[in-house]
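If you're matching them up, the sequences are chains A and B in order. If you read the first sequence in this note's numbering, its first letter stands for residue 6, the second for the next number, and so on. If you read the second sequence in this note's numbering, its first letter stands for residue 1463, the second for the next number, and so on.
There could be a bad hint or two in this list.
Stated by the list, open to error - Derived BS3-like pairs (lysine-lysine); straight-line CA-CA distance at most 25 Å:
{"#": "1", "chain 1": "B", "residue 1": "Lys1878", "chain 2": "B", "residue 2": "Lys1910"}
{"#": "2", "chain 1": "B", "residue 1": "Lys1859", "chain 2": "B", "residue 2": "Lys1910"}
{"#": "3", "chain 1": "A", "residue 1": "Lys90", "chain 2": "B", "residue 2": "Lys1859"}
{"#": "4", "chain 1": "A", "residue 1": "Lys179", "chain 2": "B", "residue 2": "Lys1498"}
{"#": "5", "chain 1": "B", "residue 1": "Lys1878", "chain 2": "B", "residue 2": "Lys1859"}
FYI, nobody ran anything at the bench for these hints, they're computed from the structure.
For reference, the chains in residue letters:
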Amino acid sequence: MNVALFVTCLADHYFADSAADAVRLLRHLGCTVTFPDAQTCCGQPAYNAGRNPEAVRMARHTIEVFEGADAVIVPSGSCATMVKKFYPRLVGEATALADRTWELGEFIVHRLGVTALGDGLAGRRVAIHQGCHALRELRLESEPEVLLEGAGAEVVPWEADDECCGFGGLFSVKMSAVSAAMADRKLDTLPPVDWVVSGDGGCVLHLKGRSRARRLGIEFVHLATALWRGVAGDGGTTARKLAAPLAQPAAAPAARDR
Amino acid sequence: MRTRINEYTARATQAIRSEPEVRESVTGATLAFDRKRRDAYTEVDADEWRRWAEAVKNHTLTHLDDYLTQAEERLEANGVQVHWAADAAEARDIVTTIADDGLVATAVKGKSMLTEEIDLNPALEAVGIEVLETDLGEYILQLLGEPPSHILGPAIHKSLQQVRDLFADRLGSAPDGDPDALAEAARHVLRDAFIHADMGITGGNFLVAETGTVALIENEGNIRLTTSLPRVHVALVGIEKLLPRMTDLAGFLQLTARAATGQPIGCFVSLIQGPATQPGDDGPEEVHVVLVDNGRTDVLAHPHAWEALRCLRCGACLNACPVYRQTGGHAYGYVYSGPIGSVLDPGLLGLHEAMPLPFASSLCGACFDACPVRIPIPELLLEWRREAQDQGLTPWKERAALAGLASVATRPGLYKLAGRIGARLGGTGAARALPMLGEWARERALPKPSRRTFRELWREGIE
Chain A
6 MNVALFVTCL ADHYFADSAA DAVRLLRHLG CTVTFPDAQT CCGQPAYNAG RNPEAVRMAR
66 HTIEVFEGAD AVIVPSGSCA TMVKKFYPRL VGEATALADR TWELGEFIVH RLGVTALGDG
126 LAGRRVAIHQ GCHALRELRL ESEPEVLLEG AGAEVVPWEA DDECCGFGGL FSVKMSAVSA
186 AMADRKLDTL PPVDWVVSGD GGCVLHLKGR SRARRLGIEF VHLATALWRG VAGDGGTTAR
246 KLAAPLAQPA AAPAARDR
Chain B
1463 MRTRINEYTA RATQAIRSEP EVRESVTGAT LAFDRKRRDA YTEVDADEWR RWAEAVKNHT
1523 LTHLDDYLTQ AEERLEANGV QVHWAADAAE ARDIVTTIAD DGLVATAVKG KSMLTEEIDL
1583 NPALEAVGIE VLETDLGEYI LQLLGEPPSH ILGPAIHKSL QQVRDLFADR LGSAPDGDPD
1643 ALAEAARHVL RDAFIHADMG ITGGNFLVAE TGTVALIENE GNIRLTTSLP RVHVALVGIE
1703 KLLPRMTDLA GFLQLTARAA TGQPIGCFVS LIQGPATQPG DDGPEEVHVV LVDNGRTDVL
1763 AHPHAWEALR CLRCGACLNA CPVYRQTGGH AYGYVYSGPI GSVLDPGLLG LHEAMPLPFA
1823 SSLCGACFDA CPVRIPIPEL LLEWRREAQD QGLTPWKERA ALAGLASVAT RPGLYKLAGR
1883 IGARLGGTGA ARALPMLGEW ARERALPKPS RRTFRELWRE GIE
């Protein structure tokens, strides 16, 4: 299956290795990955700030860049939401792209129909931070857990897993103290785990930034990296060796009724 | 009412840094309420109920003139005196005049956000009437001289120990009393007041147009006493509180209780159907309903904000809100706080007066899932943000930064160059000089950019 990666500006610059792991994972699952070079930012910062004219320009640009792609994979629930839910509010012709765009975990579970990813994460205790947009806009709730358990990890319940981390883009700048207090509520309730895993880089930047400022020593891992480590066997070096794409496509995917 | 909304950011910051006990009380109580609400929603087909309630409210709001006319007719047929108040000043005058005409010296009150909105208590006290709040939370706050911090649980920001200390000091109760003993101490004062009060003042959860019925939901029994013991009962009702039929009320009573406290229905539901008609009957001699606009018709005329008028004042969105949870309601600077306040206040007061509330949200969406009438709060917040941008109410630096982002993001060559420069500068102190990141870095470690962008990795080949 041919898929185009929409890496997102955040992953491009702050989670480059995790984005590369997303590519490895998709190839391993039988996908041919392309990367349209003219892609930039989805425009959500402008949209969330109420700057619609700017958001519309960025949406138009992204729609043009991904024209013709069979499926667009986004390693971020928030940016995927921008394309799938908010673009159609801004730009009439956005529906076609919205229908072909998938958040990474959503794509693996519902389009590829894959939930078993080996047991490379056996013995890993992980907690999941649910990104708000993935959870409440895309209604993706169980997917990260299904995939992480499908890779052998033990998912530890976290009472605040579905609460907002306080990032909210500009919100974390404008209302910095409130935003930091929201992160603290998350961090202070975290059970002992090896990793906190999230499919959203923005949330991870925020939680990690707060955790580092408080010297809590919590390790945050993007979902793509966690899953790729599961597939490749735990640890980075093995991962590199196994990175060659598999020739056969994954089991025939069941089209998801959406 | 004078608002302090514009001070939100400073007051929220202050609350978080210097009042940790407020954050602790509010977080604990709202999480408990929210858990009960979730459980109560799962017991029924909440999605179906909420869609039904949304449709009934939308229908009512689009035919509000008809239903108000019908309600007035039925209320008067029931022997209720109906008053119309265009704004807060008129509403206050109406109530003080009723009190004056009825030779009222003392009044007891049920919890009512509308009476807070119109600043009723000071107006009554100014003409020499003694007013006593009888909701336990409101009573606590009246003793302290504080405004409510939550629509449903006005004293949610107070800890048990604070109430113990207050009651020990003011009511002479035991310094280590349990909640029951504290309620008993308050009850002792309040019972006496109910018996002697000339006037009872309440809000109204619903006003049923076809029967002229004012419906009130509560758990403490104080509203039952407020509406039945004094000679005069005045109910102040916002004009958006209409329901067409009694059968609608049956649904809304259950939905409101589930959303507010997770109960199947409130412990007490009072249906006010008019004054006592025969000598010797129970109930007040006079019943007045004051229908208050105070900005609501302006909200109704707004192309988007009108949806906020469906609000039942259940407080579910406050309980679900991780932003509200950090500070409680006082930081918001107005009687309607939390998510609903952030979309309703700009409509009621004007956007300028309500800044920066539309920005006091991470847009996490938990409020929408909790709302029993499906008010699209995140979307309304965005609408207000757009209006704020259009009216130039946001900082110019922020507008310039976002315009810059759009310029760069629609020019891939420039975007790539900016990304590479950012990657080189990002880990250094230079990043702190940027207006956005500097603020961020005060409470968080700055993120470290990847040594090479994904774009560079891709070009070199990912294995």
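Quick one, are Lys1859 (chain B) and Lys1910 (chain B) close enough, alpha carbons at most 25 Å? At roughly 24 Å apart (the allowed maximum being 25 Å), Lys1910 (chain B) and Lys1859 (chain B) satisfy the hint.
Does Lys1498 (chain B) lie within 25 Å of Lys179 (chain A) when you go C-alpha to C-alpha? Distance ~32 Å between Lys179 (chain A) and Lys1498 (chain B) Cα, so the pair is violated.
With the threshold set at 25 Å, check whether the alpha-carbon distance from Lys90 (chain A) to Lys1859 (chain B) stays at or below it. Between Lys90 (chain A) and Lys1859 (chain B) the Cα gap is close to 28 Å, so the pair fails against 25 Å, i.e. violated.
Starting from Lys1878 (chain B), check that the Cα of Lys1859 (chain B) is at most 25 Å away, please. The given pair, whose Cα atoms are some 23 Å apart, holds under the 25 Å limit.
Check the hint pairing Lys1878 (chain B) with Lys1910 (chain B) against an upper bound of 25 Å on the C-alpha distance. Status holds; Cα separation ~18 Å.
In summary, the numbered hints that this structure violates are 3 and 4.
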